[in-house]
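Undergrad: These are the residues of each chain, in order.
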Amino acid sequence: MQITKNLENERLTLAVSGRIDTSTAPELESVINNNAQNVKELVIDLKDMDYISSAGLRVLLKTQKLMNTQGSLLIKNVQSDVMEIFEMTGFVDILTIE
Amino acid sequence: MKTLIIEASNDNLYTVNEFIDSFLENEGCSLKAQTQIDLCVEEIFVNIANYAYGEGKGNAEISVENNDGKVTITFTDSGIAYNPLEKSDPDTTLSADERQIGGLGIFLVKKNMDSVSYEYKDNKNIFSMTKQIK
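Protein sequence lines, in the order shown, are assigned to chains C and E. Heads up, the first sequence is in the numbering used here, so the first residue is 1 and it goes up one at a time. Heads up, the second sequence is in the numbering used here, so the first residue is 1 and it goes up one at a time.
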């Protein structure tokens, strides 16, 4: 997994590539926790992310709960296999996906 | 049938995934089914690694076989008796604030495999899951 950060004013974009699994999800969680303090608009770009397990879903749910209290979360460019996981788990209704 | 015996530790997840992937590639599994199986392997193996032996250490045995395009993967451990299939499914209609963190792993396994089963026998947890691969 690789994460590219881009912070402009109160908008933070994280481009995540590779896998969000048991091994990598903690790193994503800490990048979000360390960078999202004053962020009103968090964008997570999943264009190059092709695998997510429950460990990754857990981080996205926590992030959605966090952003519900301080602004918004937008998930962009979801690949079809990952979208199927979001559909199966009802995450399509929880997350704002563009 | 191929079998891998390995310490049930999250550090060994990729070794387990590679063991299953190399078997599936030899059997001509579609990439889509392989990704779905990888996910289920992760969920079950990580559960064993995190919970089966409490603070202690122990092994997991992972067997994989193909019967006419139906792949069965069986996980055996000697840890605490635990039937993951008894866990009720998460309510996928709740809002983000109402949803619980966690509990999605076994649900994903049920959704992505064709069938799953659990038994406790000779002091061992035996979890099997089957999927048509082409």
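What the hints contain is simulated information worked out from the structure, not anything from laboratory work. Glycine included, each C-beta is placed from N, C-alpha and C at the ideal position. Be aware that a few hints might be false.
Said to hold, decoys possible - Computed spacing ranges between beta-carbons, pair by pair: (1) Asn123(E) <-> Asp81(C): 33 to 43 Å; (2) Glu27(E) <-> Lys5(C): 18 to 28 Å; (3) Ser63(E) <-> Asp81(C): 18 to 28 Å; (4) Asn83(E) <-> Leu74(C): 37 to 47 Å.
Unchecked claim - Footprint (simulated), chain C over chain E, 3 or more residues, beta carbon under 8 Å: (5) 6-17; (6) 36-45.
Undergrad: Now tell me, hint by hint, if it's right for this structure.
TA: Evaluation of the provided hints:
1. Asn123(E) <-> Asp81(C): 33 to 43 Å: holds, 38 Å
2. Glu27(E) <-> Lys5(C): 18 to 28 Å: violated, 41 Å
3. Ser63(E) <-> Asp81(C): 18 to 28 Å: Check passed, 26 Å falls within 18 to 28 Å.
4. Asn83(E) <-> Leu74(C): 37 to 47 Å: holds, 39 Å
5. 6-17: holds (count 3)
6. 36-45: holds (count 4)
Checked against the numbered hints above, the structure breaks only hint 2 and satisfies the rest.
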